[in-house]
Amino acid sequence: MNWGSAGEFFAMGGYGLYVWGSFGVTAAALLIEVVLVRQRFSAVRRSLRRELAADRDTQD
Amino acid sequence: MKPRQKRLAIIVGGLATLGIAATLILNAFQSNLVFFFTPTQVANGEAPKERAFRIGGLVKEGSLQRSDIVARFIVTDTAKEIPVSYQGILPDLFSEGKGVVAQGVLSADGKFTATEVLAKHDENYMPPEAQAAVNKAHEATRTLKQ
Amino acid sequence: MSQRLVNWFKFASPASFYPLAGKMWPWFAAIGTVLAAAGLWISFFVAPTDFQQGEGYRIIFIHVPASWMSMFIYCVMAFWAAIGITFNTRLSGMMSSALAPTGALFAFLSLWTGALWGKPMWGAWWVWDARLTSELILFFLYIGYIALTAAIDDPRRADKAGAIISLVGVVNVPIIYFSVKWWNTLHQGASVSLTKAPSMAATMLWGMLIMALAFWMYSIAIALYRVRAIILERERHTTWVAELPEMQR
Numbered sequence: 007m008n009w010g011s012a013g014e015f016f017a018m019g020g021y022g023l024y025v026w027g028s029f030g031v032t033a034a035a036l037l038i039e040v041v042l043v044r045q046r047f048s049a050v051r052r053s054l055r056r057e058l059a060a061d062r063d064t065q066d
Numbered sequence: 065m066k067p068r069q070k071r072l073a074i075i076v077g078g079l080a081t082l083g084i085a086a087t088l089i090l091n092a093f094q095s096n097l098v099f100f101f102t103p104t105q106v107a108n109g110e111a112p113k114e115r116a117f118r119i120g121g122l123v124k125e126g127s128l129q130r131s132d133i134v135a136r137f138i139v140t141d142t143a144k145e146i147p148v149s150y151q152g153i154l155p156d157l158f159s160e161g162k163g164v165v166a167q168g169v170l171s172a173d174g175k176f177t178a179t180e181v182l183a184k185h186d187e188n189y190m191p192p193e194a195q196a197a198v199n200k201a202h203e204a205t206r207t208l209k210q
Numbered sequence: 053m054s055q056r057l058v059n060w061f062k063f064a065s066p067a068s069f070y071p072l073a074g075k076m077w078p079w080f081a082a083i084g085t086v087l088a089a090a091g092l093w094i095s096f097f098v099a100p101t102d103f104q105q106g107e108g109y110r111i112i113f114i115h116v117p118a119s120w121m122s123m124f125i126y127c128v129m130a131f132w133a134a135i136g137i138t139f140n141t142r143l144s145g146m147m148s149s150a151l152a153p154t155g156a157l158f159a160f161l162s163l164w165t166g167a168l169w170g171k172p173m174w175g176a177w178w179v180w181d182a183r184l185t186s187e188l189i190l191f192f193l194y195i196g197y198i199a200l201t202a203a204i205d206d207p208r209r210a211d212k213a214g215a216i217i218s219l220v221g222v223v224n225v226p227i228i229y230f231s232v233k234w235w236n237t238l239h240q241g242a243s244v245s246l247t248k249a250p251s252m253a254a255t256m257l258w259g260m261l262i263m264a265l266a267f268w269m270y271s272i273a274i275a276l277y278r279v280r281a282i283i284l285e286r287e288r289h290t291t292w293v294a295e296l297p298e299m300q301r
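Sequence lines, in order, name chains A, B and C. Mapping of the first sequence onto our numbering: position 12 corresponds to residue 18, and the numbering continues sequentially without gaps. Mapping of the second sequence onto our numbering: position 138 corresponds to residue 202, and the numbering continues sequentially without gaps. Mapping of the third sequence onto our numbering: position 227 corresponds to residue 279, and the numbering continues sequentially without gaps.
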């Protein structure tokens with residue numbers, strides 16, 4: 007184990023800003039990408055469902 | 065303009081823009097592809113004379129002097145040496161015996177005045193104990209050779 | 053032989069690839085999550101402090117994997133571009149456009165983490181050396197691909213234009229990789245390569261490789277998820293989409 011305390015862990019030997027800036031932005035970016043892709047998928051599925059339902063209604 | 069022509073125009077325009085951008089970048093890049101010159105290259109007159117350029121090499125052991133805010137050190141590639149003076153904050157990894165790249169101008173008397181100093185580190189990553197062992201091994205081979 | 057060939061072309065049709073991608077992505081996502089957890093554990097709790105960069109070197113655990121992925125994804129896009137041009141398959145263009153945003157993201161992360169690493173160690177956020185500049189060009193190539201394909205309404209034409217960018221731009225990938233050998237650069241040489249033993253302590257190396265695998269699995273999962281959305285967008289007027297179970301009420 008490299009760290010004596012949580013404080014030491016977050017300080018990263020004085021490089022905290024740079025290390026956490028890298029890991030934090032990476033985690034945030036990947037998370038945002040997942041959210042955006044899910045939104046894109048459910049948006050097209052929703053509009054398709056609506057279209058198909060409208061088609062069925064006119065046929066009935 | 066018909067949609068077909070419009071699409072074609074967009075594609076041609078897009079590719080042309082990309083091509084021009086790439087040409088410009090590579091052209092600007094060509095003169096700077098060599099990021100720094102070694103002291104030997106400078107001694108051979110390969111470095112630009114009129115404008116600022118970068119020199120790179122190792123900080124000579126025992127050459128670093130700090131007076132007030134000015135740091136003086138010698139950049140060497142083990143064949144040739146250039147004395148450098150720099151006023152400013154040195155990067156964390158700057159130390160004697162390590163790689164350095166300095167940007168600035170060379171005066172007629174062969175002294176280099178730097179406006180920016182960057183540390184160049186190598187691709188070795190290891191814990192301090194391992195590094196100590198490596199140093200010890202180097203020391204041992206050196207004493208054996210003597 | 054011919055049997056196998058037929059099977060491959062079967063999956064090249066969007067209608068059969070859509071459900072396959074839906075079955076596959078959760079597996080890649082799960083493996084990626086487990087690997088990321090293991091990789092992060094090694095990065096922070098197992099890998100020792102570096103002899104010259106202290107704790108600051110830990111940025112390597114995402115910087116190098118992100119850079120690898122940015123180059124690798126571009127090569128995969130070029131592969132799909134070549135397939136698309138040769139066999140005229142619809143799916144290849146969809147795969148390319150599903151990969152591009154993720155590739156662009158990794159190129160951005162490579163530049164971002166590189167800046168945060170360069171500032172404390174070299175003393176500069178950015179320098180115009182060959183390695184950094186060629187990686188920036190890769191980022192622009194991704195942006196160019198996305199912008200160009202978005203500007204063309206007809207997806208088939210967009211795919212063709214995108215394929216040209218992918219195939220032309222792929223020459224930049226070896227330039228990035230060998231830049232540190234061909235020219236004097238501030239960026240250090242490769243720590244890991246096929247031609248020599250890695251110049252890293254074993255636990256550091258393992259952390260980096262596991263993080264790279266995690267990013268790889270993530271990229272596959274997210275690209276499969278995105279390609280499903282793209283397939284639905286492009287095939288919305290076909291009967292097979294209308295007959296999908298998730299489209300029924």
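In short, the hints are calculated from the structure, not lab data. Do not rely on the hints blindly, as some may be mistaken.
DMTMM-like cross-link-like pairs, simulated, lysine to aspartate or glutamate; straight-line CA separation at most 20 Å [what the hints assert, rightly or not]:
1) B:LYS162 with B:GLU114
2) C:LYS171 with B:ASP141
3) C:LYS171 with B:GLU187
4) B:LYS175 with B:GLU110
5) B:LYS113 with B:ASP173
6) B:LYS113 with B:GLU160
7) B:LYS70 with C:ASP205
8) C:LYS75 with C:GLU295
9) B:LYS162 with B:GLU110
10) B:LYS162 with B:ASP173
11) B:LYS144 with B:GLU187
12) B:LYS175 with B:ASP156
13) B:LYS66 with C:GLU287
14) C:LYS248 with B:GLU187
15) C:LYS233 with B:ASP141
16) B:LYS175 with B:GLU203
17) B:LYS200 with B:ASP141
18) B:LYS124 with B:GLU193
19) C:LYS248 with B:GLU145
20) C:LYS171 with B:GLU180
21) B:LYS200 with B:GLU180
22) B:LYS200 with B:ASP173
23) B:LYS70 with C:ASP206
24) C:LYS75 with C:GLU298
25) C:LYS171 with B:ASP156
26) B:LYS113 with B:ASP132
27) C:LYS233 with B:GLU145
28) B:LYS66 with C:ASP205
29) B:LYS113 with B:ASP156
30) B:LYS200 with B:ASP156
31) B:LYS175 with B:GLU193
32) B:LYS113 with B:GLU193
33) C:LYS233 with B:GLU114
34) B:LYS144 with B:ASP156
35) C:LYS212 with C:GLU287
Computed from the model, here is a short list of chain C residues facing chain A with C-beta under 7 Å [as the list claims (entries may be wrong)]:
36) ILE227
37) LEU284
38) ARG286
Fair warning: this is a prediction, and the values are worked out from it, not measured in the lab. Backbone N, C-alpha and C fix where the C-beta goes; we use that ideal spot for every residue, glycine too.
message: Going through the numbered hints above, which ones does this structure break? Give me the numbers in ascending order.
response: Of the numbered hints, 1, 2, 6, 9, 10, 11, 12, 13, 16, 17, 18, 19, 21, 22, 26, 27, 29, 30, 31, 32, 33, 34, 36 and 38 do not hold.
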